[in-house]
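With chain A's structure known, arrange chains B and C on it following the hints.
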Amino acid sequence: MTLDRLLPLLLGLAWLLPLASFAAIVFFGPRMGKGGKGAGYVATAAIGLAMVLSLVALGGWLLGNPVTLIEPTAGPAEEHAEGPAEGHAEGLAAGKVVEIVRPIAGNWYTLAEFGSLRLTIGYYIDALTVVMFAMVTLVAFCIHVYSFGYMHEELDEVTDPMVTADDGGPLRRPGRFHRFFQYLSLFCFSMLGLVVAGNLAMVFVFWELVGICSYFLIGFYHERSTATNAANKAFIVNRVGDFGMLVGLMALWGALGTLAFGNVREAPGRVSRGVFRLVRSAENDYRLTVPDRMVRQAARAEVEKIYRTAPTRRDAEEQIAGKIPEWRDEGYGYWLLVIAGLGIFCGCVGKSAQFPLHVWLPDAMEGPTPVSALIHAATMVAAGVYLVGRFYPVFTPEVLLVIAVVGCVTLFIAATIALVATDIKRVLAYSTVSQLGYMMFALGLGGWRAGLFHLVNHAFFKALLFLGSGSVIHATGTNEMPRMGGLLKKMPWTAYTMLAGCLAISGAGVPLVIGLSGYYSKDAILAQALSAWRAGSSPVYAVLCVVAMGAAALTAFYMFRLWYLTFLGRPRDHHVFEHAHESPKVMVAPLVVLAVFSVISGWPVLLTNLSLTNVLDQARPKGTEAGSAGGVLIPWLTAPAEHLAEDHAIHVPASLLAFALALAGFLVATAFYGVRRIDPDRVRRACAPVYRFLRNKWWFDELYGAVFVRPAMRISGWIAAVDREGIDRFVDGLAGLCRRVSVLDDWIDRTFVDRTVDRIAQGVHAAGLWLRTFQTGRLRSYVLLVAVGTVGGFIIVSVYWQFVLAGHGRMGP
Amino acid sequence: MSVAIQWHSLFFLLMALAACGAALAVVLSANVVRMAFWLVVSLGAVAGLFFLAGADLVGTLQLMVYVGGTLVLLVFGVMLTARQPFVDMRTAPTQWLVAALVGASLLAVLWQAALSVDRWAGRGQTLADRQAQAEPTAAPLGLALVGVRVDKPDQADPRLRDGMAGYLLPFEVISVHLVVVLIGAAHLARAKRRPTSPEPPQTPRTPE
Amino acid sequence: MNLLTQPVGPMHYLLVGAVLFVCGVICMTAKRNALGVLMGIELVLNGATLNFVAFGSRFLRGDSASSLGLDGQLMALFVIVLAAAEAAVALAIALNFYHTHATIDVDDASELKG
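Chains as they are written, first to last, in the numbering used here: chain A, 2 to 814; chain B, 5 to 212; chain C, 956 to 1069.
The following block holds chain A by itself, in its conformation from the complex (with noise of 0.2 Å):
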């Protein structure tokens, strides 16, 4: 069995194993064990064989695809070849780079078709998808296994003591244990699918589903106010992305034709093109260019006039044929392939809490922690970074830009509200969304490996520390870290495993030598943006390198302040501290098995070629490993070549300064929070503006708030006053007037018909009683009656022979 057969029959079943999961604990959920704790089982099951499918996926991948060594390719530099680009060339010597292995696509499925357009279920397998899938079935798995012990308390009747019920309580509720394991389950199949769908249109039915299993999973604990507001608003924040993302999904249709990824065969011979392969075909080196369709699409207007010049049709596809390039040429259809990069860009805005659109991750921490660790820190704000990755090829330099400085403006506006923050979980969450930012920073710039990496890495150590936090959660039963502190004795295994965490987050290690996985991918990120700054003749990019870098520094301050006051000092709430205790070993273990993770996943396996950057770097797009240089709209733009970056002179500088600044960052938070050198206090108290500032999280809710929730409230208000006095008047009064209408007719109907009737009806009554008084039983009268009516009788037919027979007067005998 080849790899081609072999690894899509895999990754299916490893895809499916969570929807037959869920499909099984939807229906017999609540029956299975007591509580419904069979369902746990049930679901971790399913993720546990995924990740051995996932993990065989990944070794047939490894044995079929091992990874090999060749010389890189020439730049683009030829195309604009003054200054920036010359000069990388001449400075860097560049060492060898990994060869790119062709994907496998094709189709399971065709689910229909309208014209050219084919819905089908298919997949795309490269060496980023099965990483992906090796990374998501292990966290999900560790993350299964850890909510056996964080959503015990729902096998029986939870008492819920954020909600107050009707008689001033707390709100007792049963359990809901299966409900839970259910909507993981359904998650996992929706993330699996989103990783290996084949067409854009399959990723956005995916999205969508991660979408509403994220909605379901924060509004969890949903008789809390706050849990529903949080997932309507993560809710309502990625349909703002996803917008655009149609937007971005139509322009590609209308102008290819097409929304798969790779090029599938259809028939033997026969081969349909993928959005990759039209934008950057082989015949042109795989260079971005507007495929002809597109070009022909915006170029409308003069293809009209070619046809009504033209004698012929086909003369006329001739004459459009020949000037299709001169058109590209001329930039039409360029601007079509901006706008669906960008569009396709707004959803992943949305997906990954990127600036402006980051405003519901924080809030989606109402949701349980486990929650927090696989949704919002591990897979599915990764979704987006993802289909960046995924997307890369079709990208502009423009739209590159775009994606580097929204990165940039989130790193930074999410590590400075961090810094502040004192729940636990809202300090991971705008850390999470800071390091989101880090990852499309650096795909922004060209590093596509460096971004993907980091989202590997940050996976592992994201949802080791959110894991971590909420052991502290449950051990201490509140998320605030002023009333916690001292829990270094009570809860070791935590401790030191987040330790662990927050040392990979900072990007800890010797520099240059050797660190744990997310000093490499810091490391990479940080490279490539002053490799870009070198490179870009802009001043744009330096201004991107330093705020990148400053946030680095940013990184480290805020995970060791939290770290800090977590776990050293004094306890500050005494029966906190009282109540911590550590937690069970089903809850231990995944934290352990993520942090070893958290420390090798940068490591090569010994001896070897095989680490997880050479791994990616199978999976580059062609045509990008190259970089770009310059856009059609924009000449400065850059996108330096990532094996550039590992040159001397870009890396060693790359390395120090990251290891400073992190340092600088451990410094500090240990002066502040460690050794108590300098009161946070005071510093507190001197930028208070400033503080206040980020306290309110920049005011992003309060300006969403005034400028579009409050004005969408008034016109929902005005138009509920319209349909009130109105829509509402109208219709009553038409119901009154048909009331009114018919007490008229009940009047007429009393006065007149009633009356009628009973009238006949008297009648009918007196004339019976009339007649009545005719049988007196009395002999004379009836001979009396005899007699008159013998004599009528006579005088009757007398007339009648006289009168009507006209004529006959007396009979004769």
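Hints are not guaranteed to be accurate.
Partner residues aside, some chain C positions facing chain B, computed with beta carbon under 7 Å [stated by the list, open to error]: (1) Pro962; (2) Leu1025; (3) Leu1029.
Some, not all, of what chain B presents toward chain A, calculated at C-beta under 7 Å [claimed, not checked]: (4) Val106; (5) Ser109; (6) Leu110; (7) Leu111.
Beyond 10 Å from chain C on every Cβ pair, some chain B residues (computed) [claimed, not checked]: (8) Leu149; (9) Gly151; (10) Glu176.
Everything labelled a hint here was simulated from the structure, so no lab data went into it. Model, not experiment: these values are computed from the prediction. A virtual CB, placed ideally from N, CA and C, is assigned to each residue, including glycine.
Only chains B and C this time, still in chain A's reference frame:
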């Protein structure tokens, strides 16, 4: 008077006046016994009228059966129920008026019918012609009763010649009928066990 | 008088018969005594019998072809016999009534009972 008096007509007039007058007397009498008497007179006059019409057997039977039998029976009945209050029961004048009106209208109708046919007036024939046609009727009647119609062959009108069979069947039927009537009447009038205290006679009510 | 010089026809008999009939009807209507009513019946029957005889009389008709002949007289005979029978029955009923109700007033016999 150049025209001779038809004695037949005179006697007819006498008998007719007697019959009508007696009938009127029956009506106008208040006393039931007097009524019975006047009835006898009236029926006797009718018998006379029968004789004058040439129906001698019928007249005889009228006298014998009707006057002598039926009316005697009636008188018996009168006598049997002749308690004083019942002998002079009076009806209200209003009712008399209504009865008189109805009677008068009926009379008018009947007289109008009788006077309207010319042929019944009996004009144009002398007594001598009439007498030529008179026949004794007793024997033919008797024979007809036993089933032989001897008068039919002489019938000039061919339409009236049918039905040579007589009235044997009706004769039989009437005989049986009479037997039945007798038995019924006897049963009806049988002596019944009287209640211990006979009801007091009701006071004559004021007629409406 | 016209009548004295002219022969009598069936018309005259009819007139007399009508008078008797009407008197009988008035008797039946206006007499409260049951026997008075019976007498009225007798008068009615006699009036009818007179009609029969008048039509059946060859003597009155003048031409034997147009009279009923024997049939008329036979009808009269039957009427007489039946009148007798009917009178017997009626008398029986009246006496019965008298015995049960101790009254012979027909106005009291309005209940269809007894």
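Let me make sure I understand: some of the numbered hints might not hold for this structure. Which ones are they, in numerical order?
Numbers 7, 8 - these are the hints that the structure violates, sorted from lowest upward.
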